[in-house]
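Engineer: Residue numbers (my numbering), protein chains in the order written: chain F, 14 to 330; chain L, 48 to 200.
Worth double-checking, as some hints may not be accurate.
As the list claims (entries may be wrong) - Simulated DEER-style distance windows between Cβ atoms: (1) F:P183 with L:H118: 18 to 24 Å; (2) F:N184 with L:I88: 38 to 44 Å; (3) F:D302 with L:P91: 27 to 33 Å; (4) L:V200 with F:L131: 44 to 50 Å; (5) L:D121 with F:Q239: 35 to 41 Å; (6) L:I88 with F:T53: 55 to 61 Å.
Think of the hints as simulated: they come from the structure by calculation, not from any bench. Fair warning: this is a prediction, and the values are worked out from it, not measured in the lab. No residue lacks a Cβ here, since even glycine has one placed at the ideal position from N, Cα and C.
Listed below are the residues making up each chain.
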Amino acid sequence: MSNLDTLKAKIKERLPDLDMVVGWEQGFDPLRATPLFMRTEEDVDRLIWNPLCVHNLATYLPGLKGRKVGVVVKGCDSRSIIELLQEKLINRDDIVVFSMPCEGVVSVRKIQNRIGSLDYVESVEADTGTVKVTVDGSSQSFGFPDVAASKCGRCQYHTALLSDEFVGEPNNEKAEDDYSDVTSFEARPQEERLAFWMTEMQRCIQCYACRNACPLCVCRDHCVAQSRDPHWMTQENSTQNKWFFQVIHAMHLAGRCTECGECERACPVGIPLLLLKRKLNKEIEELFDYKAGTLIDSTPPLQAFKVEEDNINERGW
Amino acid sequence: MSANTGSELKIVGFLCNWCSYGGADTAGVGRFQQPTDLRIIRVPCSGRIDPLFVLKSLFNGADGVLVSGCHPRDCHYAEGNFYARRRLEVLKRFLPILGIDERRFEYTWVSASEGQKWKTVVQTFTERIHELGPAPKLDQCLMERAQAMAMAV
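If we strip away everything but chain L, and leave its shape as in the complex, we get (with noise of 0.2 Å):
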C-alpha cells in the first residue's frame, strides 16, 4: 500500500542504527511534518554502508541516496563512522564520470536526540531531489538515446 500520490519521488536512505534512526524516531515522536519520499533502511553503523548500496540503488531507479551516521567522535562502535566518512567522500567524487548527479547523493551526521535537525536534512534534501527530478531510467530508452547521441558526435 503506497501513498504514492504520482509526484513523489524514490529516496533511499541508510541510517545507523544507533543515531540516525534514533534521530528519525525522535523526529517522528515530536510528530514533525516531513515529506514521505524517503524509505529507510536501518543498518547497525554507518561504517557498515559499502558504497556499492548507493551505487546499486542509483543504478536501480532511486532518485536519490542519502546517508546519515553518529557525529564523527560519537560513534557507538568507537570507530566505524571514522572510516565511513572517507568511503562516503570518495564516492561523492567518483560520481560525476559515470554520468551521475552528485546532488543526487548526500551523506550527513545526525544524533539521535537532533529530531529538529533529522526534519531539516529530510525536507532539505528531498527538496533538492525534486528540483533535479527523475532519475534518468538506466534502460531500453535510455539506451537508444545513447546511441543516437554517439552517432552524432
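Extracted from the complex, chain F is given alone in its bound form (with noise of 0.2 Å):
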C-alpha cells in the first residue's frame, strides 16, 4: 500500500468523529491542485499529495475554530498551525494534523515564467526529480529544483514538526537558510530599493488575496485595509497607499511569520511579497534567536519583553 493509501486509510478511520478533513483534489486542470473538504469517505478518495499541493491548508483553521476538523499538511505548513495554537487562535483538542514527509511543491508562476501561456494544460507529470508539463500539444521538461517554489530550496522542515496521523519515513534533511536574498537585494543602493518597490506595487490591484490566503491573518472582517476608524488607509489607489498595505502586513506578521509564502504566491500580478516579511524574521532571529512556528509554547517576540535585553543596547545620546 502507498503511504497515499495509508494516508486515506487514517483519514477515513478518524473521519467519524471530525466535521470534515481539509486536503487536496486535483483542479481543473492538470497543473492545478485544489483545496478538498472531506465529509464522506467517497470524498476522500479524491485526495491527492503530490508536488502540486501548493496551498497552506492551516488557513482554514481559524475560520472553523470551534468545530472538529482535521488537516492535512506539509512540513511548513505545521509551523503556521503551531503558530496558531501559540496564539490561542485554535484549539489542539478540536484539530487532527495528517501529514506525510515532503519533497516540495512546484511554484506554478516559475513553470508559467518558463512557457508562457497556461491556458491549456494537457499533462503534468511530476516527481522531485523532472516536472514535465504538456501545454497546447508541445511538452517541456524542467529540472524539479527550477521549477520549485523558492521557499524549498531552503526548507528545513520537510517533516510536519506537529501531527497526529503522519505517514511514512521522517526526513530530517535541513538545507541552509542564510537569508541571501534579502542580504543581496539591501546591498543595492538605497534608491534602488525604493524604486523597486514603487515599481512592483504600483502593479498592485488591491485584490488582498495576500491577506485571504495568509494563515496568520486572522483579522478577517476587522482589517485595517476596510476600517474606518483607525482609518489606516485611504480610498485613493496610489501606489503609495497600497504599499503601504504591506508594509501594514509585514509589520502586522513580525513575529508571527512562517514564510509559508502564500502572500506571494496568491499574488496574481507577482509581488515578491515575501521578501519583506523574510527581512523582519532575519533580524528577529538576530535579536531574540527565534524563529515563529517552531516550538508550541513559545511567546512571539514581539508580545513578551526581557528586563535586560540581549542584543538591544540601551541607545545613550
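With the hints as a guide, bring both chains together as one complex.
Structural biologist: Written out as C-alpha cells, the structure reads:
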C-alpha cells in the first residue's frame, strides 16, 4: 500500500469523529490542485498528495474554530498551525493533523514564466526529479529545483513539526537558509530599493489575495484595509497607499510569519511580498534568537520582553 | 501660522506623557534654545506607539521621526517601554529594505528632569536630518524616476 493509500485509510478511520478533513484534490486542469473538504468516505478517495499541492491549508483553521476539523499539512504548513496554537487562535483538542514527508512543491508562476501561457495544460508529470508539462500540444521538461517554490530550496522542515497521524519515513534533512536573497537586495543602493518597491507596488490591484491566503492574517472582517476607524488606509489607489498596506501586513506579521509564502503565491501580479517578511524574520532571529512556529509553548517575541535585552543596547545619546 | 523659513524640515516626535514630554517641558521652562523643526505628538506611553505611526509619518512626507519615552525600568506603567524597545528596534532594522534611510528614525529615552539632555537629543537629531536633507516624496515624480531606473536595469 502506498503512503497516500495509508493516509486515506487513516483519514477514513478518523472521519466519523470529525466535521471535515481539509486536503487537496485535482483542480480544473492537470497543473492545479485545489483544496478539498472531505466530509464522506467518497470524498477521501479524491485526495491527492504530490508536488502540485501548493496551498497552505492551515489558513482555513481559524475560520473553522470551534468545529472538529482534520487537516492535511506539509512540513512548512505545520509551522503555521503551531503559531496559531501558540496564539490560541485554534484549539488543540479540535484539530487532527495528518501529514506525510514533503519533498517540495512546484511554483506555478515559475513554470508559467518558462512556458508562457498556461491556459491549455494537457498533462503534467511531476516528481522530485523532473516536471514535464504539456501545454497546447508541446511538452517541456524542467529540473524540479528550477521550478520548485523558492521556499523549498531552503526548507528545514520536510517533516511536520506537529502531527497526529504521520505516514511515511520522517525526513530530517535541513537546507541552509542564509537569507542571501535579503542581503543581496539590501546591497543595492537605497534609491534603487525605493524605486523597486514603487514599481512593484504600482502593479498591485488591491485584491487582498495576499491577506486572504495568509494563515496568520486572522482579523478577517476587522482588517485595517477596510476600517475607517482607525483610518490607516485612504480610499485612493495610489502606489504609496498600496505599498503602505504591504508594510502594515509585514509589521503585523513581525515575529509571527512562518514564511509559508502564501502571500507571494496568491498574488496575481507576482509582487515579491515574502521579501519584506523574510527581512523581518531575519532581524527577529538575530535579535531574539526566535523562529516563528517551531516551539509550541513559546511566546512571539514582540508580545514579550526582557528587562535586560541581550542584543539591544540602551541607546544613550 | 508657521515659522517656516524655507530651510526647515518636518520632524515628527512621539513623546511619552510622563517622561519625555515632561523633559521637553523642562527644557522649555529652562529656556534652552532648540531647533524648531520638531512637531511633538504626546502619547500616554511609549508602549502606545505602534511602529506604524512612525511608518505612516515617513510615508506621508515626514523627513524624520523621533520617538522618546521613559528610561527602561522607569516606565510609569511599569513595562510599557520594554515592549516599545523591542518593537522600535525591529522597526529600525526593517527600514533599510523599504529603501528608507534608517537614520531618519531614532528612538531614545529621556526623563522629565533631563531638560539639558532633551535639548541635546533634539539638536543632534535635527542636525542629522538636515544633513540627510528632505526625504524623497512618494509621488508621481518619484514614480517616473523609478520607472526610468527599472527600464535602465
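Engineer: Which of the listed hints are not met by the structure?
Structural biologist: Of the numbered hints given earlier, those the structure breaks are 1, 2, 4, listed in rising order.
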